[in-house]
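Visitor: Here the protein sequences come in this chain order: A and B.
Just so you know, we're using the working numbering here: the first sequence kicks off at 1 and counts up by one.
Just so you know, we're using the working numbering here: the second sequence kicks off at 1 and counts up by one.
Hint data in this document are derived by calculation from the structure and do not stem from the laboratory.
Every residue, glycine too, gets a C-beta built ideally from N, C-alpha and C.
Hints may contain errors.
[Unchecked claim] Capping the alpha-carbon separation at 30 Å, the derived lysine-lysine pairs in DSS-like fashion look like this:
id	chain 1	residue 1	chain 2	residue 2
1	B	Lys409	A	Lys139
2	A	Lys116	B	Lys338
3	B	Lys544	B	Lys377
[What the hints assert, rightly or not] Among chain A residues calculated to face chain B with C-beta under 7 Å, some are:
id	residue
4	Leu52
5	Arg78
6	Phe101
7	Tyr106
8	Phe124
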Amino acid sequence: MTEEIVTINNLQKRYGGKTVLNGVSFTVKRGEIIGYIGPNGAGKSTTVKIMLGIEDDFSGEVTIFGQDISDGDMEYKRKIGYVPEIAEVYDNLTGHEYLTFIGELYGLDFELADYKAKSLMELFGVGEVYYSRIASYSKGMRQKLLIISSLLHNPELLFFDEPINGLDANSVMIFKEIMTQLAAQGKTIFYSSHIMDVVEKISSRIILLHEGKIAADGTFNQLKAQNTEGSLEQIFNQLTGFSEHKELGARFVSIVGEM
Amino acid sequence: MQDFRTLKLLDRFEKVFSTFGIDYKIMRKILQVKLMMDRRRVPTIFTQNAKKNQEEDKNQYIKSLWIYVLFGLFMVPFMLMGENYLFQMSLFFGIFTFFVMTSMISDFSSVLLDIRDRNILFPKPVDRKSISAAKAVHIFIYISFLTIALVTIPLLVGLVIHGPLFLLVTIFNIILIDIFVVVLTALIYMFVLKFFDGEKLKDIINYVQIGLSLAIMVGYQLLVRSFEFIDLTVALEPRWWQGFIFPMWYGANIELVMNGHLVPFYVSLSLLGILIPLISIWLYTRLLPAFEQNLQKLSYHGKAKVKKRSKLGGAILTFICTSNEEKAFFRFASLMMKNERDFKLKVYPSLGFSIVIPFIFIMNGFNTDLSNLSTSKSYLTIYFSLIIIPTVMVMLKYSGKYKGAWIYKVTPIKQLKPMFSGTIKAFLVKLFFPLYILLSLIMIALFGVRILPDLITVFINACTYCVICFMILNKSIPFSASFDTANQNSNSGILFMLMLFVPVFAGLHFVSTLIPFGSFIYLLVAFIVLLIVWKPAFNLTWEKISD
C-alpha cells in the first residue's frame, strides 16, 4: 500500500524580508522514516512547524492525510505526534499532570492517558519521577517525557526534532528500537537531527535542505551513488558546499594559543 | 563593565580583606557581576505593577527602597509615643524585623540559595574563602541599603526627642537585629532543606513573597490609622514567654539604658539580645558546610507522593464541567493557578486584598459605633471583593512558563469553548469561591444569617461579572503570554471601565433590598441573567484570538 501521508508543493515562507523556505516540494508515503537534515537555519524546523500549524502565513500547498491544512480544520492533528527541538513545557506541573492533560487534549480518557503515561514512563526508566514536578527533571528525563507526550495518542505521523538530545546511550537504543517497530506498523516518521550517523542508520529516505531548498532527496545508497564521498557526514559537507573545516579549525586553535 | 560607587567605597577596606587572606581583586570582580545582575532583577514589591524597564543603568532595587522609606514613616509614631520604651521600642523593632526579614526572604533568597556559584565559580581557580566573602559582602551591601532606607527618618526623630544616647543604643540594636535576621533566615533554609526538597523551599519563599506583597497593599490602607495608636499606653507585665519575642530583647535594653530600670527581667532580656545573635553566627559557621551540601538538594527531585484523586472531587468536577475537554482544561488551569509561582505572586496578593478591602470600608463607615452594624446594609461592601475579578481575568493569559503553550497549536483543539469556560470555571471554583466562602462566613458572623440569600446573589453576580469581563477583554489563550509583556499595552482604561460594573451590581442589589422579597427576586433575576450570558460568551473561533 503506497498511501501519500504528506504532500508539500512549492512551500515558501518569509520572515520579514528574509526568505526561509524557497519552494520546497516533496511527498511522503506511509511507513517511511524520513531523515530531514540540513545546516543550522536551513529551514528544517520551520517546515515542521508549518506542517503542525504552529507557523502559518506561508505560500504553497501542504496536504496531510489528504487534507489541506490551511482549511482551518484541526482534525488532522489528532493523528500527529511532535517532539520539539527546544523542550518548552509547563514544568511547574508534575509529569503525571502534564501527560494526562496532553492526553486529554488529544481526546484520550483521563484514566487511559494516566495508565499509558505511567506505564511508558516506567518502561523508559523514569517511573519514579512521574509524580514529581517537571522543573526538577534532568535533561534526559524531560526528553523522555516529551517523547512519551508525542506518542500517548498512538499517532500515525510523527515529527521528531532532535529527539535523542540528552538521552544516554541505552535510552537511545530503546528509542531507535521504538522507531523501527513503529515504522514496521506503518507509522510515518519525520526525523530531524544533526547527528549524521544516526540519521544514516535509521532513515529509509533522506531529504537534505539547504538555504530553503531541497539539495538532495533519496535513500542513503542513492545519495552515495550520486556523490563521491562515503559517509552521510561527508555527503552533507559536499552538498552544502562546506570544505573549510580544516582551515577554520587551525585558525581557531592558533587564537587559543595566543597569550 | 561599569563600576559601582558601592565598590569604590569598599576599595578603602581592601587591606582589611587582604589581612584575612581574601583575594580582594577576585572578590571585587565577583561582586561587580552580582551587583550588575541585581540591577536586572525586579524586586517583589515592584512586580505588582512593574514592566520590564529597558534602562538598565538604574538599579531597580535602589528604586524600590523609597517604599521602605515610606514604611519607615510608619514607625515614626513609636518614636513619638513617650517614654514607655519597652512597649514602643519592642513594636518598633518588631516592625523593623518584619520588613527586613520578608524582604530578605523574598528578594535575597536567590543570593543565599545560589547554586550557580557552585557550578560556575567552583571549577575556576578561585579560592573558596573569596567566594564566601563575596557572598557575605553582597548580603551586607543589600541589607545596609535596606536598613538605612527604613530607619533613617525614625532615628532622626528619635534623636531629636530622646537624645544621642538613645540613637546610639538603637543603632547598636539594629545592627544586632540585622545580623540575627540574616543568620536566622539562613538557619530556616537549612532546616527546610534538611527535611524537604528544593521545590518545597521555593514554595515557602513564594508564599513569603505573596505575604509581603499583600502586607504592603494592606499597609498602605492602614498607614494613616497607625497614628491613632499614639495615645495608647500599655503597661507590660514580665512574663517568661516574652523571652521568645526577640524584638522585646532590644526594647528591654533601651528601657534599661534610658530609664535605668536595673531589674533582673530587663537585664536578662538584654543579655539574650546580645548573646543569641553571637551564638547564631557561631552556629551558622559550624553548619555552613552542611548547608552547602543541602543546597544541592535544590536541583534534586524528591520522590513525590502519589496523589489520589478523590471520588467527591471527581463527582463535583462532573457536575461543574460538561465535556471531557472542559474537564481537562479545568484540571489544567487549577493546577497552573496552584503551582505556577509567577502567577501566584502576581495574582494571590490581590486575592488576599479582596478579603481585606470590604472590612476596611466597614471600619471606615463605623468608626465610632459598631452597635447598629447587624441591622445595617454594610454587608453590601462584599461587592468590593469583586473588583479584583477584571485584573485576574487579564492575568489568566499570562504565565511564567508561557513557552509551554505550543501544545495548544499542536493538539487538535477544534472548539475553543471548553478551553475558556474550563479555565474561568477553575478560577471561580478554585480561587474565588474559597475566598468568598471565608468572606461570607465573616459577614454572616457580623450581620447574621439573614444575609445568606444576598450572599448567594453576590456570588452569582460575580460569575456573571466574570463572563462580562471575558467578553469585553481581548481574548488570549490562557497561560500563553509572558508577564514581561503584561504592562506594555496598557489595559488600565478597560480595567477601570470594567470596574464600573461593580457599583451597578451593588446599586441594583441595594434597590432590591428596599422592596419586600426584593432579595429573592434579585437572586432569581441574577441567576437567569447568568444562564443567558454564559453560553454565547464562549462561542469563539481561532480567528478571534489575539496573539
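Visitor: Now, for every hint given, state plainly whether the structure supports it.
Guide: Here's how the hints hold up against the structure:
no. : hint                : verdict
1   : B/Lys409 / A/Lys139 : holds, 24 Å
2   : A/Lys116 / B/Lys338 : holds, 25 Å
3   : B/Lys544 / B/Lys377 : violated, 42 Å
4   : Leu52               : holds, 5 Å
5   : Arg78               : holds, 4 Å
6   : Phe101              : holds, 5 Å
7   : Tyr106              : holds, 6 Å
8   : Phe124              : violated, 15 Å
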